[in-house]
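There are 2 protein chains.
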Amino acid sequence: MPETQMPTARTRVVREPHRGVYSREEAYRILDEGFICHVGFAVDGQPFVIPTSYGRKDADLYIHGSAASRMLRQMKDGIAVCITVTLLDGLVLARSVFNHSMNYRSVVILGKATLVDEPEEKLAALRLLSEHILPGRWDDSRQPNERELKQTSVLRVPIEEFSAKVRIGPPIDDEEDLSFPTWAGVIPLEMKAGAPIDDEINPLREAPEYAKNYSRSLR
Amino acid sequence: MPETQMPTARTRVVREPHRGVYSREEAYRILDEGFICHVGFAVDGQPFVIPTSYGRKDADLYIHGSAASRMLRQMKDGIAVCITVTLLDGLVLARSVFNHSMNYRSVVILGKATLVDEPEEKLAALRLLSEHILPGRWDDSRQPNERELKQTSVLRVPIEEFSAKVRIGPPIDDEEDLSFPTWAGVIPLEMKAGAPIDDEINPLREAPEYAKNYSRSLR
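As you go down the protein sequences, you meet chains X and Y in turn. For the first sequence, the working numbering gives the first residue as 5, with consecutive numbering after it. For the second sequence, the working numbering gives the first residue as 5, with consecutive numbering after it.
So here's chain X without its partners, still in its complex pose (with noise of 0.2 Å):
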């Protein structure tokens, strides 16, 4: 797998073509920090974007869900999708309001979901979508019996044609603009969690470290 993949004419990044990157290593990042992504599909040119989790193993996304959900009946029959994970790290205030951005990095993917049905691969690919965003819960909970993974449907997704988009740093303004008499910064943005909820019903155990540690950016 080359390293840096040429964007194709469908995933160069158009608009502030500087911040696009083409970099496997740096996709793999992003989509290893984040853990929802949003799905679009199209039926009849109508396009649906869903938001739903998601695991990567190597150069494969994969994405599961209810055998019975829209987004997954649509996607089993070989369509084209595009998924897309967008993590957002600020708000950028520039002295111009026309230069006001955030910063965020993203990842678009193009490509065909196609349908995860041997048991082996199914149940692999599942422990890799909860161990993504959660990892040791796995181990610690109830494994699947086949009633509930015949509801379940997961589905593999390469990831071949690509692009990340990346924004850093501070606000950059026009030279002019220097001296307009205002505050100009970033202001930070992350997902932070909270102190874990015990469930009422029954509590047998205390919160363990991952619960109560829960962190993205630390991984």
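Treat the hints as calculated values from the structure; they're not laboratory data. Mixed in with the good hints there might be a few duds.
[Said to hold, decoys possible] Far from chain Y by the CB rule (all over 12 Å, computed), these chain X residues: (1) Thr8; (2) Ser27; (3) Glu30; (4) Arg33; (5) Asp36; (6) Lys61; (7) Asp62; (8) Leu119; (9) Val120; (10) Asp121; (11) Glu122; (12) Pro123; (13) Glu125; (14) Arg160; (15) Ile163.
[Claimed, not checked] To be clear about the criterion: a stretch of chain X counts as covered by chain Y if any three or more of its residues have a C-beta under 8 Å from a C-beta of chain Y, and this derived list gives those stretches: (16) 106 to 115; (17) 194 to 206.
Yeah, the Cβ is synthetic: ideal placement off N, Cα and C, and Gly gets one too.
Go by the hints and put chain Y onto chain X.
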């Protein structure tokens, strides 16, 4: 405008229908707390999903961007779009792998985008977008000039065909799993702002209150 929007075949929540919400008021609450949407549009059957900021006025959603962007070029032609806003509230850890879930609130809007080119409405929409993200900032910034306004496109999407989906609360385990010896509960998640970072170039002012105490959920 009706208080409750009857879902169409395209917006009815198929999976977990009890989580479907068709109240305009609830959808507005979600849209007003978020400020990043994922916009889906299809070109020759290939969907694209692009993150961008937005603002809302009554039953209209506004997005903006460079006139040069792929998204806005396509959407100006009046193609069908899907706009999805997702707020992530927590990880839901059940006893069984199968009943793990997330707490979230999401809105899906289907519609067509229209270019806003009347200068006054365009300026008002840009102000709306700015105030939606950071109230008070517009008036503290250097206002857009004619050249900048020309480089910016604003699109309006009516909030007509929509649905919301909401999951709140503790895990819901099967009765027979309640004695499984593990911790169960919720890890709350929230987007939090850190201390503002002053631009190092020509700092003329201290960070204003709206930068020091930025919060979405307290608004």
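Now the hints, each set against the structure:
1. Even its closest Cβ contact with chain Y, about 21 Å, leaves threonine 8/X beyond 12 Å, as expected for a residue assigned away from the interface.
2. At the 12 Å boundary, the C-beta of serine 27/X stays outside the reach of chain Y, the nearest C-beta of that chain being 20 Å off.
3. Every beta carbon of chain Y lies more than 12 Å from that of glutamate 30/X, the smallest distance being close to 17 Å; the non-interface claim holds.
4. At roughly 17 Å from the closest C-beta of chain Y, the C-beta of arginine 33/X stays outside 12 Å, upholding its exclusion from the interface.
5. At roughly 17 Å from the closest C-beta of chain Y, the C-beta of aspartate 36/X stays outside 12 Å, upholding its exclusion from the interface.
6. A cut-off of 12 Å between C-beta atoms confirms that lysine 61/X is not in contact with chain Y; the least separation is 18 Å.
7. The claim that aspartate 62/X is not at the interface with chain Y holds, since no C-beta of that chain comes within 12 Å of its own (minimum 23 Å).
8. Look at leucine 119/X: its CB is around 17 Å from the nearest CB on chain Y, clear of 12 Å, so calling it non-interface holds up.
9. Listed as outside the interface, valine 120/X is consistent with that label: its C-beta sits roughly 16 Å from the nearest C-beta of chain Y, beyond the 12 Å cut-off.
10. For aspartate 121/X, the shortest C-beta to C-beta distance to chain Y comes to about 18 Å, beyond the 12 Å cut-off, and the non-interface label holds.
11. Residue-level check passed: glutamate 122/X sits 19 Å from the nearest beta carbon of chain Y, beyond 12 Å.
12. For proline 123/X, the requirement that its beta carbon stay farther than 12 Å from each beta carbon of chain Y is met, with the minimum near 15 Å.
13. Chain Y leaves glutamate 125/X outside its interface by the beta-carbon criterion, the shortest separation being 16 Å against a cut-off of 12 Å.
14. At roughly 18 Å, the least C-beta separation between arginine 160/X and chain Y is larger than 12 Å, which holds for a residue marked as non-interface.
15. Every beta carbon of chain Y lies more than 12 Å from that of isoleucine 163/X, the smallest distance being close to 15 Å; the non-interface claim holds.
16. Check result for the region 106 to 115 of chain X against chain Y: holds, 5 residues qualifying (beta carbon to beta carbon below 8 Å, three or more required).
17. Closer than 8 Å: that is the beta-carbon criterion, and the region 194 to 206 of chain X has 13 residues meeting it against chain Y, so the requirement of 3 holds.
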